[in-house]
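Go ahead and model the full structure; you've got the sequences and the hints to work with.
2 protein chains.
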Amino acid sequence: MGDLRGNCLMGQSGGPTAVINASICGVIQEVLRHPEIEQIYGAQHGILGVLQEDLIDLRQEDPEEIELLKCTPAAALGSIRHKLPDVGEDSAEYERVLQVFAAHNIRYFFYAGGNDSMDTIAKVSAYADAQGYELRAIGIPKTVDNDLAGIDHCPGYGSVAKHIAAVTMGVGLDMMSVHLTDPVVILEVMGRNAGWMTASAALARRREGDAPNLIYVPEAPWQRERFLEDVRRSHARHGWCFVAVSVGAKDETGEYIATQKGEFAKDVFGHVQLGGVGFFLENLVRDEVGLKTRLIRMGPAERVAMHFGSLTDRDEAYDLGAFAVRSAREGVTAKMASLERTSNDPYRCELTLSDLAIVANEEKLIPRQWLNEAGNDVTPELLEYARPLIQGEVATPIEDGLPRYARLREAPVENKLSPWRPAD
Amino acid sequence: MGDLRGNCLMGQSGGPTAVINASICGVIQEVLRHPEIEQIYGAQHGILGVLQEDLIDLRQEDPEEIELLKCTPAAALGSIRHKLPDVGEDSAEYERVLQVFAAHNIRYFFYAGGNDSMDTIAKVSAYADAQGYELRAIGIPKTVDNDLAGIDHCPGYGSVAKHIAAVTMGVGLDMMSVHLTDPVVILEVMGRNAGWMTASAALARRREGDAPNLIYVPEAPWQRERFLEDVRRSHARHGWCFVAVSVGAKDETGEYIATQKGEFAKDVFGHVQLGGVGFFLENLVRDEVGLKTRLIRMGPAERVAMHFGSLTDRDEAYDLGAFAVRSAREGVTAKMASLERTSNDPYRCELTLSDLAIVANEEKLIPRQWLNEAGNDVTPELLEYARPLIQGEVATPIEDGLPRYARLREAPVENKLSPWRPAD
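Chains G and C are the protein sequences, given in the same order.
Heads up: the first sequence begins at 963 in the numbering used here, then just goes up one per residue.
Heads up: the second sequence begins at 963 in the numbering used here, then just goes up one per residue.
Accuracy of the hints is not assured; some may be wrong.
[Stated by the list, open to error] With a straight-line cut-off of 30 Å between C-alpha atoms, the simulated DSS-like cross-links for lysine-lysine are: (1) C:K1045 - G:K1045; (2) G:K1045 - G:K1254; (3) C:K1045 - G:K1254; (4) C:K1378 - C:K1045; (5) G:K1378 - G:K1045; (6) C:K1254 - G:K1326.
What the hints contain is simulated information worked out from the structure, not anything from laboratory work.
Given below as structure tokens:
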């Protein structure tokens, strides 16, 4: 099983995280310990780079730059959102992928991403198998949303949770300083269906009254009058109110609250969902409660804060990459490298393998019992789950006052096929 | 001159910064070296705390917590926006301030803030002098905006500049990773009249094409068609476009671009200035250039990032606090502790004293020649000025994965006067 010789290819897909490059570093540095794996290629912009034969030669990179990937946010190989069609519907893309693999003798394929990426690996593996092409393909999980099934928690989440908690702590102090004039803050956090990121703001609390005072996630329905009452009560009690809300918070009908009909539904050009949920709530509080409100929307800035990354998260991301390589060398294919928590205090996670189908088809939401009954806060169970994931700080090298992130040379691999022309 | 015995009082005013508490720490730790200064009081919420006789006894704080103020963002004593009336118009507030000072034998008054705070010190000093009350009052500068005159640069600016540059660098990498699907980012930065904060994003650049690609500040007029052309050109050249823009960016008529008439001027309730400039530009790019655009609005999160604070900034903030105390002990009054840059390479600043009237009445904007002709970028002069200010990192203590910020006991000082009742 372990004697498959050939080259390896890796790629990244979906929204970047602070530690997805650490996984790539883990893959590369582990591959270097296995001489049977000869060339080390990266696909630029994930599966699109495979289809376009847009590969770079990672053996030509400076090992110091590869090492710097351990503390470099975003996707150094470039990312993409591309879901392969079902092979029964359209096999052209699969044929092309296999042509590229065969042309470059790719026998090891490592793909870091979320559920769509695991779907890609499952489909490519099955197709290769059906065509009798020997391939070991392993998925490496990443997502800031923490919504992957088949894994205790997802690499990328710990760092974004740490960052959101640190911002909440700092802005909370700021708000307490200025609450006589600016009493309300709305922190809008990414997350369409899963509220894990928003919930992590709760890690910031140290004392009664600390931010965040209210938390709204998609898993618990939001109700307008109750929300206004929540804000009024928090303000009356503390003198301030810090609200953390998911982009995808929904009302009782399951509709996103940012698209509430009749209110902010359209701008003068007729666009809907004008400024998103944070903007909607900012205006609602100002108009209905009459308090000055500040909106914070970090958007992609949430997921790149490697200047305050979680060491636990980073190390797990790296280990999963290295483990994917070791597993493939031992003959494993069509699996996702995964984490199983075996102890919470002391925190301990073991490396395991998960079924791709579970990861591809399920979505892990916050269990309802980890949210309070009123649907405006988390319970201690959620904090116990999340707190170990934010421990430790990544020692990012600094140059001229700012992080020194990796810069790859991106030496192109010579093309062996004619350019790819999609059917349509 | 140096033999004035009595108590000292300090306060904070205006928007907080990452290092305004470091100045307070500098005041307290320096006062402890001068036994002639007996009690050490803090006014809660600045001059409002003086008027309301809402004072806390800082000698009762744990010295370790005082030390932690060195790396704690926001205003630990509470801040306020309150401009004293002209004494000729209404002297009631001045009388009250002097009553509180006399009741607590306050002979040393240190006030950290921006131009309004320097105005407060000037007015209180003059009134005390006119009434024959011996008082040494010194201002300690702070503002993230860096718009104070009479000082080379303002404490608070270096940390926010470092933070904005770090976010720009991280989000820039993120955008380059995902530019095939999400090519444009708008970073909205605080700053109504001065663009210093927005300009600091330029410190993030390491290579051609790096974020930020375009910078718009209030000091150079913004023009709609030129902006759209700038975005199209950047996207055509690099494949992406990162725009940093000041909240207060203005068009050629001097009007804020966020309130452009006829477009996004009003929501369905008739409110103007709906989502601010970032939101306006996000929609403009999406509609007119047809590119997917993400808006980042950090708001108060910009100024509290002590998890990545500038050591240079922090040390200067501390030194200015300590210098204010030493100056007062030597008999100085009605001045602002200030910084004069004597060398840029190596960077060196000396502690000096500035005239309060200059600071109170002028506003330091970016010189037009530090912006390029097209008004969409900064020149190397600005980078040379700003780069020394972001050097070094504050080693914030960490507890349970997050910064361990100071928590004051806030022991109240016994009131000696009847409650303050404002005239109206």
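Verification of the supplied hints:
1. For the proposed pair C:K1045 and G:K1045, the alpha carbon gap of about 59 Å is over 30 Å, so the pair is violated.
2. Distance restraint check for G:K1045 and G:K1254: the Cα-Cα separation of roughly 44 Å exceeds the 30 Å cut-off, and the hinted pair is therefore not satisfied.
3. With a C-alpha separation of about 19 Å, the suggested pairing of C:K1045 with G:K1254 holds against the 30 Å cut-off.
4. This hinted pair checks out: C:K1378 and C:K1045 have alpha carbons roughly 25 Å apart, not beyond 30 Å.
5. Distance hint between G:K1378 and G:K1045 is fulfilled; the C-alpha atoms sit about 25 Å from each other, no more than 30 Å.
6. With a C-alpha separation of about 28 Å, the suggested pairing of C:K1254 with G:K1326 holds against the 30 Å cut-off.
Of the numbered hints listed earlier, those contradicted by the structure are 1, 2.
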